[in-house]
Each structure stands twice: as C-alpha cells, then as structure tokens.
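If you read the protein sequences in the order shown, they are chains C and V.
Mind the numbering: the first sequence is residues 1 to 240 in the working numbering, read in order.
Mind the numbering: the second sequence is residues 241 to 455 in the working numbering, read in order.
To be clear, the hints were calculated from the coordinates, so they are not data collected in a lab.
A couple of the hints might just be wrong.
[What the hints assert, rightly or not] In silico lysine-lysine, DSSO-like type, Cα no more than 27 Å apart, as pairs:
hint, chain 1, residue 1, chain 2, residue 2
1, V, K356, C, K12
2, V, K427, C, K12
3, V, K356, C, K11
4, C, K12, V, K436
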Amino acid sequence: MRDREIDEILKKAAQAPHDVDPALLDEVARSIGSSLRPVRPLPPAWVLAGGMVMICAAVALAGAARLGLNGIQGLSVLERALIFPALGILLWLAATASVSEMVPGSRRRVAPGLLLAAGSLALVAIFAVLFHDYRSERFVSQGLACLTAGLLHAIPAACASWLLLRRGFAVNAVAAGMMAGTLAGLAGVTMLELHCANFETLHVMLWHTAVMPLSGAAGALLAWAASFRGRLGRSRAPRS
Amino acid sequence: MKCEARQNDCARACGDWRNNWVSGFSLMNPDSDLQTLMARYQRGDFAAATALIRRLSPQLHRFFVVQVASRGDADDLLQETWLRLHEVRHTYRAGEPLLPWLYAIARHIRVDHYRKARRAAAREERLEEMPEVAAALPAGSGGTPDLKALLAPLPESQREVIEMLKVEGMSLEEVARATSSSIGSVKQKAHRAYEKLRERLTGMGLGAGRAGGLP
C-alpha cells in the first residue's frame, strides 16, 4: 500500500462531519463573555529575551562588583575574548529558549535538555583549552565557596526573569523551569568569571561550570513541584 | 425613538457588512482570518470570540475524541481548553500562526487529563483494549471510515501528529510548534505512523479504492 493510498483513507475519514453540541458552545461563549475585556499581548520574543539577558548581565555585574572584579582583571585578553562572548551566546540561547517555553506554539530551536548539556560541555571545553594550571589546592573548600556564590547569584536572576515572564504560559512546566534555571545559572557562572581569581583548571571546569546544570536541575524540580501542586489543587477543586 | 431605530439598523448593516467581509476574506486566506479574529478577541470583541469558538471547536473536539476515550470527556476537555485559552489569550502574538498556539494549549489540557486518568487503573485497562476495537475499523456516518478507530493502534505521539498533519491540514512547521518538537522529529513520527498504518491496512486487505466502502 502506498503513502498516497493511506492519505486517501485518512482524507475520507477526516471528511466525515464532526459536530459539537451547540448548547456546549453557547455555554463556552457565555462563560468567556462574562469575563471578556481587552488584554495586552506579550511583547515580541526578542524584547523578552533581550530583557532577560540584560537582567542576568546586571545581576552578574552587580554581584562581581560587590565581591570584587578579581577574575576579569587576572584574565588575559584572549581568555576574556573567548569566555565572555561564549557566555553571552549561551545567555542569548538560554533566554530565547526560555521565552519559547513560556509562549505556547513558539518555534523550539533546541531541546532544553540538549541546550543545558551542550552548554555545560562547551564551557568545560573552553575552560580546558584556556587554563593549564593543574594544581588543586583546597579544591573542595574553595570550590564549594564558588559554587555557593554562583548559585546564590542565580536566585535573584531567576526571580527577576520570572517577573519579566510572569505573563507567559508554560505548556511544559519542567522544560520551562529547566530553561529558566539554566539562564539563571549562566548569570551565576558569569559572576564567577568576573570575580573568581582562582584559575586552576579543575576548579574552573568543575565548580564554576557546575552552577549551570545544578541551577537548571533546580529550576526543573521547582517547576515540576509547582505544576504537581497546581494539578493536585485543580483536581480537588469542585467542578462547576 | 426613530433615531435609535435608525442607529440599530445602521449597526446591523455594518455588522452584516463586516460579517460578509470576514467570510469573504476567510475564503481567500483562512489562517489570516483566524489571526484577525484572534486579534479582535484580544481587544475584547465578543463577536470575534464567538466566531472563533464556532469555527475552531469542531476540530478541537475531534482532536480530543481521537485522543481520549469518550465523547463526554472530549466535551469536558473542549470546555476546559476554551477557558484556559481565554485565561492566556494575551500569550498569542499577532502575526504568528494561530493553530500551533491553540493546539499547544489543547495538548497541555489533554496531557493533564491523561495524567489524572492514568491514576485510575480502570482507564488504563480500557486504553490497552483500544487496538482490538480498532481492528474492526467501523465506518462512521455516510460509510466513511471512522477516524478514531483508524488511528487507535498508533501511539499517542504519532496519533496526534497524523491528526494535525493529515486531518487538520497543518504544515510540518506548525505541528512542530504545537508539539514543542523539531520538524525532523515530526517527520519521523509521521513516517513511523504511516509504517504502522500500512502494515495494519495491508493486513486487512484495504486500499484507497475500498476506503469509502469500509464496513
């Protein structure tokens, strides 16, 4: 059997009339009409994504300025020219993906999990190429301090991004949470690159980069918990 | 009084003209007509909201009937979808295709419903029985094959892709947007669905020539 023949069968099946109870449609129209008022559509995606990148950059800069801009001062021109544009590109990709997840029917250029994994690997690769100090003094204590600082800076970035996107609607809450978390995590990584003067390869590769996947995972987990609570609430609510 | 009556006549005439214009325009470009109605709905126009409900409900209802077990559930889902669409109508952006936005929300409602239904063990057993029901390929009204029975053997993800592509006539790009996936993934699902349909229909000795006369 050829594809065209299957097409034909599907076409015939689709041509069968499908009516909906007019009373049901009247009821829907009535319930919508009772709360109908003009609404302001969401701004274009690039405006929202641009706003989120600005928020993350502002959080990273403010955090690094408060803690000291030791990292960027210690980096060579080549290191700066590679690390910050890469972070900028990742921030833009995560912001556009985050906006796509909050606007139903948007074009999804890359799956959230893939972006998180590829972004983390790209950062690890860039750090591995640029830093060649293989000592690991006070590896865990210094690492935990950086990880905590990065994650603490991801929180305000996530909150501010949520404020910007609060009018959106996530059809896949976990994916939206993961992307928001990834974006916020990137704000934390950017802050660490501006602030942290520890250029030991393993330290930067593990503890700095870890902020992004951990923040992404936390975002996904929080979104899952929130949507689970929402579903539970809706199923318990009496139906009108 | 006379003046009021004249105003009403005038408003009716304007409404008729607008309706005629809208239906005439819809023949030229149905998608941009839907977009125009949606934009008016966002501006608080009740007539546009009603027109959208009347035009889009049958296809949304069919989407649910094919995906879920009963017509009653499909009625509930349709109602729930319109209420949710109403709540988030500001997330539609002018100039974007309307159907992917609509189906993305409808899918979300259906997935929610599926999760609730999955908790009930009885419903799970009924879903497993569906391919057996499909084997009979019962005819719908007018001797045409029943779409639900035709697509029932397919996994849910393939069924929705085939329905959007072949029944609603959406493009690959639109289906990819509605299902939050890539065009490649949509193509792959459609290909696999066709393989399964071909296997089943060939096994039953059906061809295009006999499609209309299915028992």
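Check your understanding: Which hints from the list above does the structure break, by number from lowest to highest?
Key -> 1 and 3
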